[in-house]
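Q: Position chains B and C against the provided structure of chain A, taking the given hints into account.
Protein chains in written order, with our numbering: chain A, 105 to 442; chain B, 105 to 442; chain C, 105 to 442.
Heads up, some of the hints might be wrong.
Copies of the same chain look alike in the list, so a pair counts if it works inside one copy or between any two.
Unchecked claim - In silico DSBU-like pairs for lysine-lysine, Cα to Cα no more than 30 Å straight-line:
| hint | residue 1 | residue 2 |
| --- | --- | --- |
| 1 | 197 | 268 |
| 2 | 185 | 385 |
| 3 | 246 | 197 |
| 4 | 268 | 121 |
| 5 | 185 | 412 |
| 6 | 197 | 306 |
| 7 | 108 | 412 |
| 8 | 206 | 246 |
| 9 | 246 | 412 |
| 10 | 268 | 246 |
| 11 | 306 | 268 |
| 12 | 185 | 268 |
| 13 | 108 | 206 |
| 14 | 121 | 108 |
| 15 | 385 | 206 |
| 16 | 121 | 385 |
| 17 | 412 | 206 |
| 18 | 121 | 206 |
| 19 | 246 | 385 |
| 20 | 385 | 197 |
The set of hints was computed from the structure by calculation and includes no laboratory data. Keep in mind that this is a model prediction, so the values were computed, not measured.
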Amino acid sequence: MFLKNAWYVAAWSHEIKRELVPRWIAGEPLVLYRTEAGQAVALEDRCPHRRAALSLGRLVGDGVQCGYHGVTLDSSGVCVKIPGQERIPPTMKARSYRVVEKWQWVWVWLGEPEAADEALIPDFRWNSEPGWVYTGGTIDVKANYQLLTDNLLDLTHETYVHAKTIGNRAVIETPMSCEVQGNEVHLQRIMPNTPPPPLFAKVRGTDAPIDRWQVIRFQVPANISIDARAYPPGTQDMTHALRWFSINSITPVDATTSRYYWTITRCFAQDDTALTDLIHKAILATFMEDVVVIEAQQVRIQTDRADKQEVGIRADAGALGARRILERLIRQETEQAI
Amino acid sequence: MFLKNAWYVAAWSHEIKRELVPRWIAGEPLVLYRTEAGQAVALEDRCPHRRAALSLGRLVGDGVQCGYHGVTLDSSGVCVKIPGQERIPPTMKARSYRVVEKWQWVWVWLGEPEAADEALIPDFRWNSEPGWVYTGGTIDVKANYQLLTDNLLDLTHETYVHAKTIGNRAVIETPMSCEVQGNEVHLQRIMPNTPPPPLFAKVRGTDAPIDRWQVIRFQVPANISIDARAYPPGTQDMTHALRWFSINSITPVDATTSRYYWTITRCFAQDDTALTDLIHKAILATFMEDVVVIEAQQVRIQTDRADKQEVGIRADAGALGARRILERLIRQETEQAI
Amino acid sequence: MFLKNAWYVAAWSHEIKRELVPRWIAGEPLVLYRTEAGQAVALEDRCPHRRAALSLGRLVGDGVQCGYHGVTLDSSGVCVKIPGQERIPPTMKARSYRVVEKWQWVWVWLGEPEAADEALIPDFRWNSEPGWVYTGGTIDVKANYQLLTDNLLDLTHETYVHAKTIGNRAVIETPMSCEVQGNEVHLQRIMPNTPPPPLFAKVRGTDAPIDRWQVIRFQVPANISIDARAYPPGTQDMTHALRWFSINSITPVDATTSRYYWTITRCFAQDDTALTDLIHKAILATFMEDVVVIEAQQVRIQTDRADKQEVGIRADAGALGARRILERLIRQETEQAI
Chain A
105 MFLKNAWYVA AWSHEIKREL VPRWIAGEPL VLYRTEAGQA VALEDRCPHR RAALSLGRLV
165 GDGVQCGYHG VTLDSSGVCV KIPGQERIPP TMKARSYRVV EKWQWVWVWL GEPEAADEAL
225 IPDFRWNSEP GWVYTGGTID VKANYQLLTD NLLDLTHETY VHAKTIGNRA VIETPMSCEV
285 QGNEVHLQRI MPNTPPPPLF AKVRGTDAPI DRWQVIRFQV PANISIDARA YPPGTQDMTH
345 ALRWFSINSI TPVDATTSRY YWTITRCFAQ DDTALTDLIH KAILATFMED VVVIEAQQVR
405 IQTDRADKQE VGIRADAGAL GARRILERLI RQETEQAI
Chain B
105 MFLKNAWYVA AWSHEIKREL VPRWIAGEPL VLYRTEAGQA VALEDRCPHR RAALSLGRLV
165 GDGVQCGYHG VTLDSSGVCV KIPGQERIPP TMKARSYRVV EKWQWVWVWL GEPEAADEAL
225 IPDFRWNSEP GWVYTGGTID VKANYQLLTD NLLDLTHETY VHAKTIGNRA VIETPMSCEV
285 QGNEVHLQRI MPNTPPPPLF AKVRGTDAPI DRWQVIRFQV PANISIDARA YPPGTQDMTH
345 ALRWFSINSI TPVDATTSRY YWTITRCFAQ DDTALTDLIH KAILATFMED VVVIEAQQVR
405 IQTDRADKQE VGIRADAGAL GARRILERLI RQETEQAI
Chain C
105 MFLKNAWYVA AWSHEIKREL VPRWIAGEPL VLYRTEAGQA VALEDRCPHR RAALSLGRLV
165 GDGVQCGYHG VTLDSSGVCV KIPGQERIPP TMKARSYRVV EKWQWVWVWL GEPEAADEAL
225 IPDFRWNSEP GWVYTGGTID VKANYQLLTD NLLDLTHETY VHAKTIGNRA VIETPMSCEV
285 QGNEVHLQRI MPNTPPPPLF AKVRGTDAPI DRWQVIRFQV PANISIDARA YPPGTQDMTH
345 ALRWFSINSI TPVDATTSRY YWTITRCFAQ DDTALTDLIH KAILATFMED VVVIEAQQVR
405 IQTDRADKQE VGIRADAGAL GARRILERLI RQETEQAI
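Isolated chain A, as found in the complex (with noise of 0.2 Å):
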């Protein structure tokens, strides 16, 4: 089940051009693009006269003319030509998404236009603040969202899964406060005068003890900020900081499968590109530990009983705050579409 009214991230802004770009997304298939004027535009990817993809088709103007028969509609999915007829059936109309770009990302909102809101973007102003750079990629996973979720806010798996890079004892070691509030969850974990996971330590060129924080913060319904530092030991001199966030959102394909856009934007050697290159790198081969992880887990889930109760553990309480926003806000959903 998929939160419907919610904004899913569809595409990085600079991937949506003035051409077709087809997305499915929790189920269904988008067609994106840009207008003219460059707004971006997302309709369903499928003709309502006999479900071709719209995205084989071509763009008319600000509008998407069917490359089966030639059945052009609107930007607002509206049907404005019907090769060979002049009359128009009133249901001719494809459905349209709401699309807001924010944040370097495109993000579509999967239920009734009207009830949009785009104080609902998640805040991830650090992918496009001033003096803050970002890098960044897209990974597809075979597995369901919420495993993504799960993963990203309980980060004691650093030390177990990402050894190489970001991970050590001192994550597991250090207890981690979390809070729901509302919608929200969030996380903290201060980790004083430890050594720095590989990772810090080759960035900032010393492997002396930091004073390490992880602070997270889940916006429904998939997205995750992490804005991690690491300091001189009792200073918080910026100065001489690590810090970056971590930007991650999941839009779920279907059931199991999912696509993860993630990026790592920092506020220090902005200019450093080989840096930018290195922590791009790295984190990239983080995700990709986590993937194998993940997929294998969702395998392992969808061959078990129905029933099965998994034991939790303290350092749960992240993800199953997050899962139960999400339960909750979904049952509200349904009930109140009845």
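A: Just chains B and C, lined up with the frame of chain A:
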């Protein structure tokens, strides 16, 4: 659902020799071969003993010996030998199918053999007519067979899908007449004094205007002939005309895959093998353009709500007429079976 | 359906070392490894915490540390460590399986460990018997495991499937005796003064006639030994005989895939490694001939009507006897569970 009391193309005649050929039709496995006297035979490709594939066995005279335990069936599917025992249970037989070879193809009747009526084989005489020469092939398509029928019964798609070969604006700008006659659909589009589509110009060696005719005939379950003509305007002069038939028979492999048998058969420049080659390549490329569109359409239908209503347009008349005929025949067949 | 209270081969003994090996048996994921003392261990390959694959974790002494969040289990599946907390919930344990190593193979008991009875491990002593030398392997087959049992219990198929190696007309022409004894099926075919099949002629270096014996024993759930002998006619003279056991155990991976463990173990020319190699290659080729037939059979069963009755023949006696035993045991097990 498939019409059982109907003929389906199982193979090209030249494909069936003194060897066992497996083919799936409407979800059923068939094995085809030729007797010593040259008669084409089709049996269920499952041994009645343990359901091994008979097609993995070998021909023994006019019969088939199962390659697993040696059960031998004659060309009517009746068991004539069981290794190690004298007694042959009367139930030891494989289903046999009525087979007729006509118009270069091997047709099998999926219903009860005694109900088989040769008069129901579609009239595709131009594949075999003296004075006509054909070229053709077989294409495997990951889509329900009716999506291919639909495609051929609404040629307005030529304008959008096939602009490089047989489509141009005239096709969508000219209305088509449509008439249902019994279990057939007849369509006709005559485009007077119109620019030729690219392939016609190439074949005729001139881009002078033509009178272009498309005379289409649908015969159940999925057979379409298109009588395509291009005359010098106002003449109906066959000596300077392009005239060919596009002959099409689509065999369902199962609900979502099909095997598409096609020919182009012409009555001009019959000995020009370079021309045959040019037409073959152009038409194959044209059909492969359809396959891309139709396979994407299949995915979008399968992932859509089951109760989704498509929105009809005038150009659908032929496709809808054919679907209604087939639906009625399948319903009658089902009711009779009860 | 699978018999749970039974031993299944999970691996060759030499495959299990100080590393984690994942194996699926009867739809369940298992992880196998060896303790420091050399004892083989099998646990459910799902962490009780979040169902990650334990096989992606690492060995810690005699236990396994999950590679996701570090939950550590001992070799009985009981949790001994949860990072970040003292308290260990008593439900935090993975299922453990009884394991016995015997006849070169690692056997696991799929039922409740306390019900495990070593006496039920099939008698495959010739894999380990002094004076005998074996060669063997593992074959993955896309078919239900019982289709492989059927195959081995009706050797008339040798005549048709294996004419290049172990089959000839004598096999089908000689009747086989069949006797059900408790949960075992015993079959015997003695072919006096018969031409040797090609592989026997090659191994013995002569195509002089032989007395050929096949003494077959089925033990639940899917274990078959074939005592194969070729004597100079009328002699039972072991000094000039070919005698080997074909030892076979088929482990269901799930309902439609299987892992087939096999050996050929002989008591002549034990030190002739060229002969071992010759036999290995010929038998592997022979079994791959079976795989082609059986995988096609599986497809034809799956696509057939569920209520289809196969037609029995005399040669089925062994296969049907074995199926009836297994059916009865599975039914008993199911009734006890209610």
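Q: Could you tell me which of the numbered hints above are not met by this structure, giving the numbers in increasing order?
A: Hints 2, 6, 17 and 20 are the ones this structure does not satisfy, whereas the remaining hints hold.
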